[in-house]
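6 protein chains.
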Amino acid sequence: MPDQPDAVYARKLQEVLGGQYDEITVAMQYGFQAWNIHIPGKYKDLLYGIAAEEFGHVEMLAKMIAQLLEKSPMGITDKDVQSDPAVAAIIGGTDVQHAIVAGAGARPVDSMGNPWSGSYVTASGNLLADFMSNANAEMQGRLQVARLYHMTDDHGVRDMLSFLLARDTMHQNQWIAAARELQAENAESLPVPSNFPQSKEHTPVSYQYIIFSDGAAAAEGTWAKGEAPDGKGEFTYLSAPDTSAPMPAPTHPDSRLFGTTELPNIVEKTASAVQDKLHKE
Amino acid sequence: MPDQPDAVYARKLQEVLGGQYDEITVAMQYGFQAWNIHIPGKYKDLLYGIAAEEFGHVEMLAKMIAQLLEKSPMGITDKDVQSDPAVAAIIGGTDVQHAIVAGAGARPVDSMGNPWSGSYVTASGNLLADFMSNANAEMQGRLQVARLYHMTDDHGVRDMLSFLLARDTMHQNQWIAAARELQAENAESLPVPSNFPQSKEHTPVSYQYIIFSDGAAAAEGTWAKGEAPDGKGEFTYLSAPDTSAPMPAPTHPDSRLFGTTELPNIVEKTASAVQDKLHKE
Amino acid sequence: MPDQPDAVYARKLQEVLGGQYDEITVAMQYGFQAWNIHIPGKYKDLLYGIAAEEFGHVEMLAKMIAQLLEKSPMGITDKDVQSDPAVAAIIGGTDVQHAIVAGAGARPVDSMGNPWSGSYVTASGNLLADFMSNANAEMQGRLQVARLYHMTDDHGVRDMLSFLLARDTMHQNQWIAAARELQAENAESLPVPSNFPQSKEHTPVSYQYIIFSDGAAAAEGTWAKGEAPDGKGEFTYLSAPDTSAPMPAPTHPDSRLFGTTELPNIVEKTASAVQDKLHKE
Amino acid sequence: MPDQPDAVYARKLQEVLGGQYDEITVAMQYGFQAWNIHIPGKYKDLLYGIAAEEFGHVEMLAKMIAQLLEKSPMGITDKDVQSDPAVAAIIGGTDVQHAIVAGAGARPVDSMGNPWSGSYVTASGNLLADFMSNANAEMQGRLQVARLYHMTDDHGVRDMLSFLLARDTMHQNQWIAAARELQAENAESLPVPSNFPQSKEHTPVSYQYIIFSDGAAAAEGTWAKGEAPDGKGEFTYLSAPDTSAPMPAPTHPDSRLFGTTELPNIVEKTASAVQDKLHKE
Amino acid sequence: MPDQPDAVYARKLQEVLGGQYDEITVAMQYGFQAWNIHIPGKYKDLLYGIAAEEFGHVEMLAKMIAQLLEKSPMGITDKDVQSDPAVAAIIGGTDVQHAIVAGAGARPVDSMGNPWSGSYVTASGNLLADFMSNANAEMQGRLQVARLYHMTDDHGVRDMLSFLLARDTMHQNQWIAAARELQAENAESLPVPSNFPQSKEHTPVSYQYIIFSDGAAAAEGTWAKGEAPDGKGEFTYLSAPDTSAPMPAPTHPDSRLFGTTELPNIVEKTASAVQDKLHKE
Amino acid sequence: MPDQPDAVYARKLQEVLGGQYDEITVAMQYGFQAWNIHIPGKYKDLLYGIAAEEFGHVEMLAKMIAQLLEKSPMGITDKDVQSDPAVAAIIGGTDVQHAIVAGAGARPVDSMGNPWSGSYVTASGNLLADFMSNANAEMQGRLQVARLYHMTDDHGVRDMLSFLLARDTMHQNQWIAAARELQAENAESLPVPSNFPQSKEHTPVSYQYIIFSDGAAAAEGTWAKGEAPDGKGEFTYLSAPDTSAPMPAPTHPDSRLFGTTELPNIVEKTASAVQDKLHKE
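Chains as they are written, first to last, in full-length UniProt numbering: chain X, 1 to 281; chain Y, 1 to 281; chain D, 1 to 281; chain P, 1 to 281; chain B, 1 to 281; chain S, 1 to 281.
Next up, chain X with everything else stripped away, as it sits in the complex:
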């Protein structure tokens, strides 16, 4: 539990409770991947287990936020409080809905007050793609927790973050291990989806690094020459796009959609020119 209340920090902590890359997101993401999975066994059990753990982290963070808000000045009228600019400053940085809407409780929103959204969840049914998505979520999440660690001196809060950092270390490693295992078992490989027939993609550009902007330094990278990570091609290098795709003609949809098209105007303008001429004569 925190050493002392801190409503401004409570707001910041909302990011790892209800933000794009954090506990509600990973709990729901691993849940949906588990419920939609096509194979029984270790991957399914892994997803179920970590989902359950992450729901525990949601609770841990929600309770910490409520503790941080408990005795904090939240803009409630009190002459001493109001006349102290330092306190006023603290009030300036709070999530004002913590007081007005939740009565000093946690909320399913991020640190800027945006409600958590189902659009944060990725669950495609392709496990290699999804495990990479999970590794990505754990990386962004651990990065945010590490940043938050330096924004407080509170021992109770730091203890909790220290625990979350360790679990994020575990989960990053674990999704990467799982992604490797999938590939080792030939269940899936790069490029995802690997069982889409290579013959159906336009292979001349499948491993070609094409420079579309001014910076030439990009040619120095390992993505511009040598074997590609998928082991199925060799990177080549093209200093500028050479294909100028032929532009299709503009569309002329049904006139009852009242778009602006050239045809009626030409007719009309001709007619009006004729009329003008007749009038003058």
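Hints were generated in silico from the structure; no laboratory data involved.
Quantities reported herein were computed from a predicted structural model and do not represent experimental measurements.
Please note that a few of the clues may not be correct.
Because identical chains share one entry, a pair is satisfied inside a single copy or across any pair of copies.
No farther apart than 20 Å at their CA atoms in a straight line, the calculated lysine to any residue pairs in the SDA-like style are these [as the list claims (entries may be wrong)]:
no., residue 1, residue 2
1, K42, R256
2, K200, R256
3, K44, A240
4, K200, H155
5, K200, K232
6, K44, G215
7, K42, A219
8, K232, A179
9, K232, R180
10, K200, D153
11, K44, G56
12, K200, G233
13, K225, R180
14, K44, H202
15, K225, Q183
16, K44, E185
17, K225, D214
18, K200, E181
19, K232, P197
20, K225, D254
21, K44, Q183
22, K42, F235
23, K42, Y207
24, K44, K225
Chains Y, D, P, B and S: place on chain X using the hints.
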């Protein structure tokens, strides 16, 4: 250009134009990563270049959608059309805003009509985290394009998708190559962020696989034993959570937030019991 | 499990998985109310318990949706399929992201594809207000499940809905019982929040039914005469609003916000009239 | 009108203008319920009348916000202002769009700047469910106004809030009275919808309190024994869930959705094992 | 009232009830402009009056939608209905929340089911900017109504649309008249805001048409030569951007944000190169 | 580049990067209008060119924001910083996601943290409507930049804003010139869409100014008498609405939607009255 109009397919194609993991997203994501980058050179040039290429794909898809909508029946009154259930069925599957709002044009929305959102963009300033996010986006994106490939027989559309599939192959490989290069150069390593001092995380659980749910098969994975992918620890295994974190006491925030707390009730109930007793006497 | 696949029905079922008033909402709502609660004991345990049950319902629905999608035609190219208007019609009514994004899996969205939002959750810290919110959620939820029941003949689906309907019956009753218990224990009463001092509200209009529109029949209701449900006042009746609040003067904010105000114009117009006059002379 | 400008408070007041449970919400909610109603008479007139009154409250709040913003420092450059930390603190707590976007005017957003959303509106066509939703909205709304009352000392603002508190008292009572009247007239009863045939729900669990989590205190409540509020059943008590629903087999959707399934892997792995063996020999 | 039910058309009509540019939007937009206005008199009265009229249109559309939904097949189980592909097709095109959520009622959403958003409203406090925004809204709105007119043969619906088209004609004309009147009275002129001192803008590029893309035909327009509409400058023409803004150096924020910067890497790489050398020796 | 860091101002600047009316919006809006256009030539080239320029402004603003954030205190623990209320005040006004999520980088959000939304984009296919929408966007945009100009003293920032103000002057003029040119060429005229047959609108009210609210001053405007701006009608004036549209009967949808209707109640109430009577006898 498409062989023929197909308003239902135009709607589906919106997913890879304006959905969570597609062309507007990657164009903006690589753009924001480039604008916020902290180092000059090859990574910056790479981000700029691919961002520019992806904006080209946005245009390519928008134009294809407009072509697919050009002559398609879109529910405009016409006796022949209305009495044909097959045509009516087609209408059932369209994005009705294509006709009503855009006059047969593309829109910055996904295949269910949700507007594209800035929350899809990831740009954290940590390049390893962000390159993993980019690899993830290209995997989910290529998967969606591969699915869309089988939902049409149109040669023009398939040609375009075939091209996009090849570029997604390239981009998946490239972000993975870039992530490896970052690690080879010691710019960053696992777990992200690697320069957060390990001493500050609760290391006893940093490599511990803890079973939180029923499925035991997860213990068979490479994430439950052996060296972790970050090379900094050894996975251990725990068959059930052993730490029962002590529950903090419930909070009692300022009474002017009018939450329900036990204290006032006890007072009130005692008072009312006393009153009751007095009344009866 | 369902008798047979039905992708159109799978889409409809999303409403009670990821819509405003359904399983994810109630699971999260009861969770946040439990984490933020100010008192230990029966109400806290109740909230925890029902939250856990509702997470179970989330899983139940997600799996049913995946089963319904398993073998369903989802617009994948196939001559027989495409030429059959009935099948095409079915495709018209699906959530196209089920196939393109989730690979035939459930998603955290409602039946029109809107992602689930944290803004659906209510947790104010005042238990009477929140239990009423819970009763409301269970009523709207049961109503939607009842409607869905008649939209399918599938025995497996109906069995699941029949189970959910029974639990919603239980939960409606239970939140109403809990709301009554809170009042019986004097923890809270109507109007919420009951411990806001009545002296601070403008009591002359606290129980006054004022007619603001044409319909006179509203005067016949029990809300227009007799004792109010809170037992603290008597309803009175006013056939039309009688107070015409004095209109404040329009605001004149800082001119550097460049709003349109009368003052500068008058000056300018006078100046320009003078100039005009001078020019003419 | 307010005694003096207060841009920080103006922001807080946005919650009851444009938040989830406030004036725009109730005005629109009662409006949609009125427009969709299936019966003429007192309920319809009630909905129309209160909707009209609530639109008046929207105006009242919007104008008060504009007055509070009129002369407030809003971060506009001015040496005296900038060097005063108290003023700077005030600026810290404002809605910066008040100045930049609205030129010191009210906006249709909540106190954290989230735009008002049509998803806040409930109008199901079932009047008992909807009147409960209305009572819920008035409770949450009055709670928020009561909290805001203590966040200011301004007499003009408190006068307005005092008036709104009184009307919320009226409206809470009124929707509860209306809900009772509906039940007294047998138009609808608990559980909602009451005319769904009870025979079609899985009645063995309709009144069963099942403990899904650790807290045993919940068994003490009136929701665990005795007659249920709907008068149609008797609460029973079950100390733990006893039904372990049989898990359905994982799904195997169309392979052209490129999900990860066990089948191809087994085939592939066998093939590759055979190849390996052959190579070694 | 409509000749007959049509649930598919009811969904389309939602666009002009709850979409970006329609009745709820204009009603709320004119309302907020009126409540925030800085001057009394004709402009204020105009805004109030049209706002009131538009709320009437909201009601008109909501009721029409409810009528269109009244007897329409909405996917409710019925063997005859289900086996008729034409009916199934109709079901494919409906807003399924009309039945499940609203019980055959109108909803505050657009034709793709997106909830109406407060972000659609424009009210800046600058009347010329806002009247242009109003004219824009009426143009997009009338365009959508005109498109909808051709998507039905129903006499009742067409009568209503015919009325709305006429009012949109009036309102387009009126906002343009009001914008002209503001300019005639010197209350505001182009460019908005006209009282921002011209000396503070970078005037060399204030009237310069610069070609940033390939198309040269744009040089033929009246925007490339001659007097500008604001009467304050002469358009000039530049065939390509000539200023290459100097690129700022990449940022190096606080290292506790754990971004990727070159510095630590160079140090680390040098150290590791030294170590490598030592090891080899 | 800025004279010095200013995280509070960086947040404000987000409004013109990722807000409703600013650089991402106009870049995408002109892009979609260009991709969907129905005619080749000058209008198309104009749209492409300005879209490209606006993408350049997006980059300019993103980089400026990153520079402003570079060395700014962002709530990172540091005793000196924390104990200084002025610094704390600054922290109060920042976008906390700038530090936590983006590591001191720009984000695709507005100044209150709302993610940029595809719903901000207007592209209808009707060029006159769209050019008016573009003029509107440039007006609101320039107004916001002008307001931001006075919220800082930083020379580097003011230089950039001064440049943007000049380009907004150009673009306002240019879209108005383009709108006039379209009309001069008879491609489109008022009211939009001008080629919708006038005979199909309810012409008696097409030019009638009807007073719907109390303010009589609106009758003084040029919108109440004289020729309408479209040159196709004469404004007339009506002091109050005279048509009282006949109210349709309430709807009675399918009873399986469980709405509240009068019929079943009457039956039920009669039955129950009969039963009551029988019981009593």
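Hint check:
no. : hint         : in the structure
1   : K42 to R256  : neither (58 Å within a copy, 24 Å between copies)
2   : K200 to R256 : between (39 Å within a copy, 13 Å between copies)
3   : K44 to A240  : between (45 Å within a copy, 17 Å between copies)
4   : K200 to H155 : between (58 Å within a copy, 12 Å between copies)
5   : K200 to K232 : within (15 Å within a copy, 42 Å between copies)
6   : K44 to G215  : between (45 Å within a copy, 8 Å between copies)
7   : K42 to A219  : between (42 Å within a copy, 7 Å between copies)
8   : K232 to A179 : both (18 Å within a copy, 18 Å between copies)
9   : K232 to R180 : both (17 Å within a copy, 17 Å between copies)
10  : K200 to D153 : between (57 Å within a copy, 13 Å between copies)
11  : K44 to G56   : both (19 Å within a copy, 17 Å between copies)
12  : K200 to G233 : within (15 Å within a copy, 43 Å between copies)
13  : K225 to R180 : between (24 Å within a copy, 14 Å between copies)
14  : K44 to H202  : neither (35 Å within a copy, 27 Å between copies)
15  : K225 to Q183 : between (24 Å within a copy, 18 Å between copies)
16  : K44 to E185  : within (16 Å within a copy, 36 Å between copies)
17  : K225 to D214 : within (19 Å within a copy, 32 Å between copies)
18  : K200 to E181 : neither (27 Å within a copy, 30 Å between copies)
19  : K232 to P197 : within (13 Å within a copy, 38 Å between copies)
20  : K225 to D254 : neither (50 Å within a copy, 35 Å between copies)
21  : K44 to Q183  : within (16 Å within a copy, 30 Å between copies)
22  : K42 to F235  : between (35 Å within a copy, 16 Å between copies)
23  : K42 to Y207  : between (34 Å within a copy, 18 Å between copies)
24  : K44 to K225  : between (38 Å within a copy, 18 Å between copies)
The earlier numbered hints that this structure contradicts are 1, 14, 18 and 20.
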